[in-house]
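Chemist: First to last, the protein sequences are chains A and B.
Our numbering runs 3 ahead of the 1-based position in the first sequence.
Our numbering runs 177 ahead of the 1-based position in the second sequence.
Read the hints as simulated data drawn from the structure, not as lab findings.
Be aware that a few hints might be false.
[Said to hold, decoys possible] Per the computed footprint, the stretches of chain B lying under chain A, defined by three or more beta-carbons under 8 Å from a beta-carbon of chain A, are:
id, region
1, 190-199
2, 215-224
[As the list claims (entries may be wrong)] Simulated restraints on C-beta separations:
id, chain 1, residue 1, chain 2, residue 2, range
3, A, Asp66, B, Pro289, 48 to 58 Å
4, A, Gly56, B, Gln272, 17 to 27 Å
5, A, Arg25, B, Glu246, 40 to 50 Å
6, B, Ser191, A, Lys18, 27 to 37 Å
7, B, Gly218, A, Leu119, 39 to 49 Å
[As the list claims (entries may be wrong)] Sample of chain A residues lacking proximity to chain B, with all beta carbon distances greater than 10 Å (derived):
id, residue
8, Val7
9, Pro11
10, Lys20
11, Tyr21
12, Val22
13, Gly31
14, Glu47
15, Gly56
16, Asp66
17, Arg67
18, Glu86
19, Arg87
20, Asp89
21, Gln108
Given the structure is predicted, the values throughout are model-derived calculations rather than measurements.
Glycine included, each C-beta is placed from N, C-alpha and C at the ideal position.
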Amino acid sequence: GAGVSQTPSNKVTEKGKYVELRCDPISGHTALYWYRQSLGQGPEFLIYFQGTGAADDSGLPNDRFFAVRPEGSVSTLKIQRTERGDSAVYLCASSLSTSGGAVEQFFGPGTRLTVL
Amino acid sequence: GNSVTQMEGPVTLSEEAFLTINCTYTATGYPSLFWYVQYPGEGLQLLLKATKADDKGSNKGFEATYRKETTSFHLEKGSVQVSDSAVYFCALSEQGAQKLVFGQGTRLTINP
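Given the sequences, and given the hints that come with them, work out the whole structure.
Modeler: See below:
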C-alpha cells in the first residue's frame, strides 16, 4: 500500500515568510510524528499526535512553529516568520497505535525547506 | 536528558568485510533501542530493534544486542554487500514515550 507522503518535496522561501508543510500518513495509522533533520545530523523530534491531539510538543523550538491534525489523518506543520536557521529537511512519520510502546515508525521522504 | 552517540563516519569497507558501527546511549529507565537505515534516495526505514536488556535484534544479516551494562547497541554484519551502502542511525525511545532520539548517523560505503 501507499507509504507516508509529504508535500512539497522542496520548498524555497524568503526570510520572514510563512510556510506550510503537509504530511499524509499511512491509512489507519493513529500516531503521527514530525522531525527536523539538519545536514549531517540525525532527525530531531518536533511533535507527536495521537489522533487529533498533540500528545507531545516538547520538541517545537519556539512559538513560530505550530502543527495541526484536525481530522486525525493529514497533518500540517506551519512555520511563521521563517528564519535562515529553519532550513532543514522536515520528516513526517506515522505508526499504528502506540499502546505497548516501541512501535515501528514509518517515515516519509521529507520536505527540504530552504530559507533564503 | 536522553542522548545517542554513534561512531563517527564515513566508513568505507570492501565487499564481504565484517562491519561494526558503535552506538552508546544515555537514558533514564529502560529505553527501547533501534537501528534505522536510509538508502540513497529513500526515506528512513526500521532495520531492527530491541526492547529490553540482552535482547538481540536482527534483520537482513544485521544484528545488534541491547547491553545495559555498557549502555550500548552496536550494529554488526558478518559480510557486507555493496547494497548495504547507506546511512545508519541508532535511536532510542524512552520507556512509555513515543518520540525517537537519534544519533548523528554513520554513512557506510561498500566498495566491490
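Chemist: Where does the structure disagree with the numbered hints, that is, which hint numbers, in rising order?
Modeler: Hints 1, 6, 7, 8, 14, 21 are the ones this structure does not satisfy, whereas the remaining hints hold.
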